[in-house]
Amino acid sequence: MNKTLFEKIWQHHLVQELDDGAALIYIDRVFLHERTGSIALKSLEADNREVVSPEHVFCTMDHIVDTLVGRDDNTKVPSGKNFILATREACIDANIKLFDVNDPQQGIVHVVSPELGIVQPGATLVCPDSHTCSQGALGALAWGIGSSEAEHALATKTLRVSKPKTMKVNFNGQLGFGVTAKDMILHLIGKYSAAGGAGYVIEFGGTAVDALDIEGRLTLCNMAVEFSAFTGLVAPDNKAVAYLEGREYAPKGALWEQAVIFWQSLYSDEHAQFDKTIDVDCADISPTITWGNSPQHACAVDSRVPHAPIDATQNQLKALNRAYEYMDLPAGSALKGLPIGAAFIGSCTNSRISDLRLAAKVLKGRKVADNVNAICVPGSTTVKRQAEAEGLDKIFIAAGFEWREAGCSMCFFAGGESFGYRQRVVTSTNRNFESRQGPETRSHLASPATVAASAVAGCIADVREYL
Amino acid sequence: MDKFTIHQGVAAPMLQINIDTDAIIPSREMKLVSKQGLGEGLFAGWRYTLPNGREPNEDFVLNQAAYKNTSILLAGDNFGCGSSREHAVWALKEYGIKAIIAPGFGSIFYHNCIRNGILPVVLANDEVLALAKHVEKAPQTSQVNINLLECYVNAIDSGNHNTEGKVSDSMNESLRFSFSILPAQQAMLLEGLDGIALTLKSKSKIERFKQSYQRQYPWLA
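Those protein sequence lines, which keep their order, are chains A and B.
Residue numbers are given in the UniProt record's numbering: position 139 of the first sequence equals residue 139, and the series is strictly consecutive.
Residue numbers are given in the UniProt record's numbering: position 210 of the second sequence equals residue 210, and the series is strictly consecutive.
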């Protein structure tokens, strides 16, 4: 009878075991965005299929929408406007709730969904976006899918899923000074590789996860896909309940009471068996930064670019050598002190109010170094307004940061604006893939605090010296 | 959806680990609200000399004459990691890729392949390397054959270039590797199934489930 949290949620949603070994899983919520959701909706319509429960489908404009002040449907992305128009039209036709370009609730899907209480503990939520795993932070089974699977979920309210294996990752002990959820997940991927979680749904736990606030847990789960996991999740606790209370789409009144009682049953039983367990000692985690072109190229900010391990395979060596060359950082190079050209705070990983507060704490009374192009893009319009109410925007602007409208922005280069050719960027985003933020940009992933400190220093900096 | 049963073709090695979907198709190449028109953007960052240009980079494996008509990729671990963009699979498909053989795949990418008739084959790293070594000798004639009915991959030495479905004269028996695939995914590919149509056969079952589910979890209804 001992079950993991994942097994409980799976069981609640199991419509049918299929003859072919997969299972038909009931989907509570579908979230779409204009980049991939537009294609799903358009294709569904072309096949004469209907969205069966439009009241459970939500859509936002985040990927392509411009983030410069005064924006409209026009985008820096060539032909981006077509995606916006097609999405809007399809949402109206299908009667789907859309957080449109200048809607006060618009923002990045994985920021908006928790913020409005659309994702809830024990629910299943899918979105054609890989970082849907973020939303597991609230104890939901949330995962990224392709556009075809999105069509399937929209047309049938289910998905055909093969059951993933289970992994528990325990972060034991307490986080050190200046160490954040972003450093935890970068450390994990750095240690166990970008394929370390392949095939698993990962439950994050341990004292350090218990101690994280919900926004920290969202950051932690956000990068489960960078670990190649099916998804990540955290058992909902009182913090999750308190976080959701009063949010627009969270249950109210008697239903709230009923929901909370149910949510309290959502944990892995004491003797539940996981297929794999990893224990991480938080004393080993420093402020962490990536040096290469994969999230697994992560190390302590005060360390050096590692040499290839002696047991590296030919293919691993190929990738490592490419990373040294692409980043122009030979093995043994120091990271701290490396000059940068740009700093970016934003993305579904780190653009929430707590991220902006932390960055502002570093920036207060300081100036961004000359020659550093520093940009802050809040994750949602709600976050932006809240930050402005707290005066954080003034701190960012006084320091020399650009203060923008909500969206995915320069987390990726979609052909419009970008960072400079081969420019070195310290960024709070989730992917340092080649040319991800512009032509051959050299992206270093780090916490928003490290980004802020580096922007001030004009080079990769140890945030502990700035707090 | 296209069916996949048996395929023989030119295989190109792209063995570095962690090739992500941004590399397979950069975001800037996703220009239309469409599943089409993406083949040209495949591997654009590596395939062309300039970011937005179309001047072929001769160093890139698929641009080399030896790898003309490539329909199989031999890849490193965690191929297709990163973004969920199904455009990566649509671009591969439009280019003519029928199968990818790697020690592991990004999970969403793997599912996207199955949904679009591309076969992702998981083999051990040394098996992929052995196949790569075999094809590198003479890529056009040292082809790879994949049989999804019996779930094996083998190397073929043939004068027949890229002959669909044809098992040729001389097989390299030392290079025959079995692979496993979940029955659900095998069936989907073998029969070219439309998952939505298939699931809609269970419509009444889903409806019954929905009713009891909504009674149990009314706040999600």
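Worth flagging that the hints you see were computed from the coordinates, not collected in a lab.
Treat each hint with caution, since some may be false.
[Unchecked claim] Below, computed lysine-lysine pairings styled on DSSO-like, alpha-carbon distance capped at 27 Å:
hint: 1; chain 1: B; residue 1: LYS3; chain 2: B; residue 2: LYS137
hint: 2; chain 1: A; residue 1: LYS81; chain 2: B; residue 2: LYS31
hint: 3; chain 1: B; residue 1: LYS98; chain 2: B; residue 2: LYS31
hint: 4; chain 1: B; residue 1: LYS133; chain 2: A; residue 2: LYS42
Cross-check of the supplied hints:
Between LYS3/B and LYS137/B the alpha-carbon distance is near 30 Å, which puts this suggested pair outside the 27 Å criterion. Distance hint between LYS81/A and LYS31/B is fulfilled; the C-alpha atoms sit about 10 Å from each other, no more than 27 Å. Taken as a hint, the LYS98/B and LYS31/B pair is honoured in the structure, with Cα atoms around 23 Å apart against an allowance of 27 Å. A C-alpha spacing of about 44 Å is found between LYS133/B and LYS42/A, which places the hinted pair above 27 Å, so the restraint is violated.
Consistency with the previously given hints fails for numbers 1 and 4, ordered from lowest to highest.
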